[in-house]
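Q: This is what each chain is made of:
There are 2 protein chains.
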Amino acid sequence: MDQEAERDLSRLCVHTITTRPLDLETAVAEYASRGIRGITVWRDALQKTGAKRAGRIIREGGLDIVSLCRGGFFPSTDRKTRKSSIAGNLAALEEAHDAGAPLLVLVCGADPGQSPETSREQIKAGIEAILPRAAELGVRLAIEPLHPVYADTRSSINTMKQAIDMARYFDSSWLGVAVDVYHVWWDEELETAIDSCGRDGRLFAFHICDWKVPTGDILNDRGLMGEGCIDIRRIRGWMERSGFEGYNEVEIFSDIYWNLDQDRFLDMIVRAYLDHS
Amino acid sequence: MDQEAERDLSRLCVHTITTRPLDLETAVAEYASRGIRGITVWRDALQKTGAKRAGRIIREGGLDIVSLCRGGFFPSTDRKTRKSSIAGNLAALEEAHDAGAPLLVLVCGADPGQSPETSREQIKAGIEAILPRAAELGVRLAIEPLHPVYADTRSSINTMKQAIDMARYFDSSWLGVAVDVYHVWWDEELETAIDSCGRDGRLFAFHICDWKVPTGDILNDRGLMGEGCIDIRRIRGWMERSGFEGYNEVEIFSDIYWNLDQDRFLDMIVRAYLDHS
Chain A
1 MDQEAERDLS
11 RLCVHTITTR
21 PLDLETAVAE
31 YASRGIRGIT
41 VWRDALQKTG
51 AKRAGRIIRE
61 GGLDIVSLCR
71 GGFFPSTDRK
81 TRKSSIAGNL
91 AALEEAHDAG
101 APLLVLVCGA
111 DPGQSPETSR
121 EQIKAGIEAI
131 LPRAAELGVR
141 LAIEPLHPVY
151 ADTRSSINTM
161 KQAIDMARYF
171 DSSWLGVAVD
181 VYHVWWDEEL
191 ETAIDSCGRD
201 GRLFAFHICD
211 WKVPTGDILN
221 DRGLMGEGCI
231 DIRRIRGWME
241 RSGFEGYNEV
251 EIFSDIYWNL
261 DQDRFLDMIV
271 RAYLDHS
Chain B
1 MDQEAERDLS
11 RLCVHTITTR
21 PLDLETAVAE
31 YASRGIRGIT
41 VWRDALQKTG
51 AKRAGRIIRE
61 GGLDIVSLCR
71 GGFFPSTDRK
81 TRKSSIAGNL
91 AALEEAHDAG
101 APLLVLVCGA
111 DPGQSPETSR
121 EQIKAGIEAI
131 LPRAAELGVR
141 LAIEPLHPVY
151 ADTRSSINTM
161 KQAIDMARYF
171 DSSWLGVAVD
181 VYHVWWDEEL
191 ETAIDSCGRD
201 GRLFAFHICD
211 WKVPTGDILN
221 DRGLMGEGCI
231 DIRRIRGWME
241 RSGFEGYNEV
251 EIFSDIYWNL
261 DQDRFLDMIV
271 RAYLDHS
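Respectively, the protein sequence lines represent chains A and B. Heads up: the first sequence runs through residues 1 to 277, numbered per the working numbering. Heads up: the second sequence runs through residues 1 to 277, numbered per the working numbering.
Only chain A is shown next, with the shape it has when bound in the complex:
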């Protein structure tokens, strides 16, 4: 790699949840000072300032706001809960618009009290209910397939194929797919699916981290790029070959890293990004 490529951070984005201990202002300043160019904002990080002011802080800090995380969680055995979930998603769309985020990521949800098929029908109904408003506001929606280990309570959409099928059902340019290597790396059909999704113009986001061996906690022990068994560079290659030109978004849930000095952790993120993705 030549020296320029070695320092190319122009497509690096970090999720606020990755550096959860930092408030939004600090996160923006710390990301920008390291040459990180994008930020994906989790909804909790908007609460203190409100969405509009958060958007201004980000723009004035010199960062692109890549997406808002996260909407979804549509299924429930309880009709009232389903209705209030749709209201919550509509509110998230307003927040995304107010903050200037062009994309809302959907973790679609699951309810272990019913079959996955029923949950998927409710996901479909939920997307149908919010998609028109997303288009009005100019905010795209990305379905993120979740690893099958989360099929009980977090998502009944567990493969790229399922996410693409759901996106295609609606035939709207406002609906696409978010690819997170943690969730899909094991899938034999990943390369083919990314290719197919790219031909549709539906590759909306790319999240990176690593699968640690062993993984101590299935939710909050994700690894820094290079720490685990995922060939991130190879998957990134498939994304780019399929026409994806967006950010590489570092999204890491980790009790270990949240307990680290976040300045030091951000330096590690930049290094790991350059070396392993």
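Bear in mind the hints are in silico, worked out from the structure with no lab data behind them. One should not assume that every hint holds.
Because identical chains share one entry, a pair is satisfied inside a single copy or across any pair of copies.
[Said to hold, decoys possible] Result set (SDA-like, lysine to any residue): computed pairs, CA atoms no more than 25 Å apart in a straight line:
hint	residue 1	residue 2
1	K161	N259
2	K124	D171
3	K83	G198
4	K161	G243
5	K48	L190
6	K52	D261
Go by the hints and put chain B onto chain A.
A: Frame of chain A; chain B shown alone:
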């Protein structure tokens, strides 16, 4: 359910690992006294008596030996380890034959130091190396697809489709598939895959337990039937519709249940089997 069906234990099998604290003699006696008809033996349970004597204990106790668990673990970045794994699998086949077990279950293995594709090539080579001896000994081999949460170190075969593809590659009646609800319940294509596998005559085994919500430990917190979110009865229905006539094998890894009085636990297994599978 009429009274007879309500007491139908004729297809109930328990894995020795489910009641790990019991030695083989005790397990056989306790299973038989409750009307359990089948036993699947884990290799550690054969060590004390040797395979031949273990087979006699089981037959004299009135139980069918359903399978031996487990072979597999073929992939490794190290050539010597791959060679010794094949030797270990050949030894397991002798044990199965000596004990009178008609089937050896394969947990195929994975090595996080190489790509899943490479691991699958090594799995293929491993099966190729042992299949002729399996046929000579009259011991069938069953590929068990493992949940994608185990894709890092335990198996690069994570869906029914992959297991069936691998089995079909060899075109041998000695090679089939073991379906464990814990590993495949989340898969949208499960019903279709079971159907397709059944048409091939390759449904060799059916393992049951439940996916607890939440799951405290991804390896050793499996649930008793009815305790989690898997619709076991529905999947069993697909198996039977596809021609499966074998045992329903209760395979539960659980620190919680291993710490319970095993007599009480066996009563719970029988009750849960009748109520939820």
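Q: None of the hints should be skipped; say for each whether it holds.
A: Tested hints:
1. K161 - N259: neither (36 Å within a copy, 41 Å between copies)
2. K124 - D171: Classified as within; 13 Å inside a copy, 41 Å across copies.
3. K83 - G198: neither (33 Å within a copy, 41 Å between copies)
4. K161 - G243: within (18 Å within a copy, 29 Å between copies)
5. K48 - L190: Answer is neither: 39 Å inside a copy and 45 Å across each miss the 25 Å cutoff.
6. K52 - D261: Answer is neither; intra-copy 29 Å and inter-copy 60 Å both fail.
The structure is inconsistent with the numbered hints 1, 3, 5 and 6, although it conforms to all the rest.
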